[in-house]
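Colleague: Chains as they are written, first to last, in numbering that gives the first Met the number 0: chain X, 0 to 281; chain Z, 0 to 281; chain D, 0 to 281; chain U, 0 to 281.
These are computed hints drawn from the structure, not numbers from a lab.
This structure is a prediction, so every number in the text was calculated from the model and none was measured.
Keep in mind that the hints are not guaranteed to be accurate.
It does not matter which identical chain is meant; a pair holds if it fits inside one copy or across any two.
When the alpha-carbon atoms are kept at most 25 Å apart in a straight line, the in silico DSS-like pairs for lysine-lysine are as follows [as the list claims (entries may be wrong)]:
no., residue 1, residue 2
1, 208, 274
2, 208, 93
3, 208, 104
4, 104, 256
5, 208, 85
6, 150, 85
7, 208, 48
8, 104, 274
9, 208, 197
10, 150, 38
There are 4 protein chains.
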Amino acid sequence: MHAVLKINCRDRPGIVSSVTQLIFEAGGNILDAQQHREKLDGQFFIYVKFDVTSLNVSQTVFDERLSALAENNGYIWSLIYSDRRKRMAIMVSKYDHCLYDLLLKHVYGELAADIPLIISNHPDLENVADHFGIAYHHIPRGADNREAADKQALALCSENSVDFIAMARYMQILTPILLDAYPNRIINVHHGFLPAFKGARPYHQAYEKGVKIVGATSHYASEDLDMGPIIAQETERVNHGYGPSDMIRIGRSIESKVLAEAVKAHAEDRIIVFKGRTIVFD
Amino acid sequence: MHAVLKINCRDRPGIVSSVTQLIFEAGGNILDAQQHREKLDGQFFIYVKFDVTSLNVSQTVFDERLSALAENNGYIWSLIYSDRRKRMAIMVSKYDHCLYDLLLKHVYGELAADIPLIISNHPDLENVADHFGIAYHHIPRGADNREAADKQALALCSENSVDFIAMARYMQILTPILLDAYPNRIINVHHGFLPAFKGARPYHQAYEKGVKIVGATSHYASEDLDMGPIIAQETERVNHGYGPSDMIRIGRSIESKVLAEAVKAHAEDRIIVFKGRTIVFD
Amino acid sequence: MHAVLKINCRDRPGIVSSVTQLIFEAGGNILDAQQHREKLDGQFFIYVKFDVTSLNVSQTVFDERLSALAENNGYIWSLIYSDRRKRMAIMVSKYDHCLYDLLLKHVYGELAADIPLIISNHPDLENVADHFGIAYHHIPRGADNREAADKQALALCSENSVDFIAMARYMQILTPILLDAYPNRIINVHHGFLPAFKGARPYHQAYEKGVKIVGATSHYASEDLDMGPIIAQETERVNHGYGPSDMIRIGRSIESKVLAEAVKAHAEDRIIVFKGRTIVFD
Amino acid sequence: MHAVLKINCRDRPGIVSSVTQLIFEAGGNILDAQQHREKLDGQFFIYVKFDVTSLNVSQTVFDERLSALAENNGYIWSLIYSDRRKRMAIMVSKYDHCLYDLLLKHVYGELAADIPLIISNHPDLENVADHFGIAYHHIPRGADNREAADKQALALCSENSVDFIAMARYMQILTPILLDAYPNRIINVHHGFLPAFKGARPYHQAYEKGVKIVGATSHYASEDLDMGPIIAQETERVNHGYGPSDMIRIGRSIESKVLAEAVKAHAEDRIIVFKGRTIVFD
């Protein structure tokens, strides 16, 4: 069993030392440690993953020590123990490529998360859920019942102790009901290279503009459509011979890739959001 | 010696046949032939490169035959003989990376063009021009003398029989004086992934937005800044550790690459512009 | 309905013209035409895809004309009508990632082929076949019954009018029984960047060597293991932090990609094999 | 001014803590810290870059403390102060692309090294050295005077206090005279994707094999030609239309890139060699 400690504070000497000493004295063994300084802001970030099976104090005691250290030094921190695997809900519409990709990567053990349920505004993909043995909930969602639908989805997530949500081409704008319940814990995939080509039919926009490269972007969902913190991006070369349908075909591949990359990073607690940008430790 | 024939017309049977037969009957040997159909517009494009040393008729006769064929069939066409290498002017400001890259690729024989002169609004890079034995013209250019400067540049280009211009990070918006004299024959490089990050300081924009990939774009210059037809694009992966200066460093590499790719394609007559997009045969 | 005509001959004037005229006179409309000259060998290759619904002669008459033209000019040719979709068998072992990828791309309509059956030397993936509604045949295969197993597989392929075979990580060396029945029509995927890392455990080899990029290769199967003509390759960046298991994970993605790319090209009749290399028209 | 401390030891708890505490107590401020565990070998590596301007002890005292800590814990360590920029010699033959690339990146401040001299077995590139204001030494080198030539080169390197050497397409196999004087401090670029295509004319080998991707590799030079620890690799897509000369053209770009990447990493002390592989911290 391990834990991930993430700290954010003003940059100054002694941060790494204070944290690693705390862990060492408690008997923890550091498995991975990364840091980042945001030079323009004078801000310091640290990510430490450590083995807790060898801790010589209880988690409660360790948390108290950490809390005291953080208070003395002005650290903003989060500490997550891996005693419980994260639980991810998948929201999906009718396109199945991101869904298959996540479910297969889950089977291969690539994602540090369990998937207790799939929520969709359409009944179409229930057979995919069945094939992988995952519960499928059909919640119709139209212009007139967005809030009710999101409340229903939220209730399901709560019942299933869901930690975060992957929108695998859900194609719907969430209401604050879900967004506020899962701040920076809902991952969306946009089928375009943000910040270009926001909104609808981005591949058609890309075709009209005559771009030579198309992209896809995964990001935390926010109320501003397609504007939340970017987590991962991927591009692929196209040329004049690619019509919108070819771009959509290529898009399936890169959308799946960026969504899975973001889900993997989130599930492994490797992301910090700061000033609308993400720090993604690797 | 070869010639490049490019034709654009409504799609229908017999186009390729009519053109290749014309060439064959005149004794030409086809070296390369490519075509493209723009399905959404029902438009057909053909590119044929053929050896003309074996022509059994004069260029004048061949041109007349081609002209008659085109008139009968509604072909829009251009025919360019390679008896004369294209001549390219380079416009540059203070950044030298695209300049070095073009001059070296010229030395390596990668560009089907001669470079009779370099024009700059600053005196700084004259030593680079000297090193490669190319004439350097310093034409100061400010808010108050843009037109005069462009007239002077145009006069130099005319004197030197310049066919097209590469803006190797010239960092100036051209007036119609140059743009109208060289329509779709002035190639600019934008240090950002268009259509995102138009205008100034695109790498700073990219940093602020927290993108995970940066790009560069070469395109034909137009009066709308950074809006002309895109010729080539390139992207490179970045992460949270890349500040603006790192993006600028990476940018040097991809800017050079897309500009040279566009210059190469233009010099080899492989580009057709249609509806604001480019068809770049390869 | 369309047809694909591929021709291979010594390079000389008039080839494109003779072929396109033949098609035009028979009322065919050229949809795509590409050519390639192998300079070092003086060899010329042409690929023409044309609409045959508008043909003003029967297929028999057209074939006779083509045959006569080819004989007069020394053309080696193949002509394939699309009146019948190609039929592909998939051979698979226990790894399912390439299998899922092919089956999904088939559902999305990306592959110009039907998939009448899946053959495996293990029973494990039958449920995947069931999910996609495809027949699954389990043919055990060991050191002592390779030929018998291949005969059984060949019989199944014959019964199902199979045109070509995709080895989706089949992990077995085929005997001439299958290889000779399907020359240059069996596509294998090797989980390494050929010609480096032939044979077993290529990712472990790559790890031991400390490479910074891993690759995957799809190629026509041959008796020399991993030595047939290469169709597609893909690479992905790794670093010292990637152990063999990470390379295997990345490999799943690039193996799927190169196999699907090869299958797509083969199904669309876009490949010519010449001197152990492939020409893949696009 | 900063210092880079690299440590290598058996993995166990307390390593990071012990090192960061040592630095903190001496008043140093950690600028960057990375670590790597080689799971298969149970080996642990740490890289710490720290500001030494604020040290409250002398370098001598700090070194003593570090030495004592390392001895007690079995750390293999190196500590390099940046009070003196590294000095790099460039060895080059007749191809100038890697040379230009390194010299320009030096001008742009991308390489943490000075370049006191260029050594070549040909006189051709002296004008490039002149243009950049760097001393050029022509040392002819044939089958009969390799050792003498390397002695002469070594003497020049010694006189110029050279720390490491970049072989910018030097195209010569070094003798132990140089290799032993600069172990893991001579960086070569091979114009092929190692371990495939070792030896001469790798692009011709790649063409013959019909690969769809070509690569370049930078590595530490060793007596086994093209077999030293790999530092960086890069690939680029090709197709059947690329003859050897096209591959050579593409090669210029990727060779320059991998060599500069390796030089940058080495100059910044970010590389550890272990079991013939490199750990390249970033």
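Colleague: Now tell me if each hint is right for this structure.
Modeller: Right, here's what the structure says about each hint:
Proximity of residue 208 to residue 274 under the C-alpha cut-off of 25 Å is restricted to the inter-copy arrangement: shortest distance 9 Å between copies versus 31 Å within a copy. In this assembly of identical chains, residue 208 and residue 93 lie within 25 Å of each other by CA distance neither inside one copy nor across copies; the values are 27 Å within and 30 Å between. Taking the closest pair of Cα atoms, residue 208 and residue 104 never come within 25 Å of each other, the shortest separation being 34 Å inside a single copy and 27 Å across copies. Taking CA atoms no more than 25 Å apart as the test, residue 104 paired with residue 256 passes in both settings, with 11 Å inside one copy and 16 Å between copies.
For the homomeric pair residue 208 and residue 85, neither the shortest alpha-carbon distance inside one copy (41 Å) nor that between copies (29 Å) is at most 25 Å. Taking the closest pair of Cα atoms, residue 150 and residue 85 come within 25 Å of each other only inside a single copy of the chain (22 Å); across copies the shortest separation is 49 Å, beyond that limit. Taking CA atoms no more than 25 Å apart as the test, residue 208 paired with residue 48 passes in neither setting, with 45 Å inside one copy and 28 Å between copies. Taking the closest pair of Cα atoms, residue 104 and residue 274 never come within 25 Å of each other, the shortest separation being 31 Å inside a single copy and 32 Å across copies.
Proximity of residue 208 to residue 197 under the C-alpha cut-off of 25 Å is found in both arrangements, the shortest distances being 13 Å within a copy and 14 Å between copies. For the homomeric pair residue 150 and residue 38, neither the shortest alpha-carbon distance inside one copy (41 Å) nor that between copies (45 Å) is at most 25 Å.
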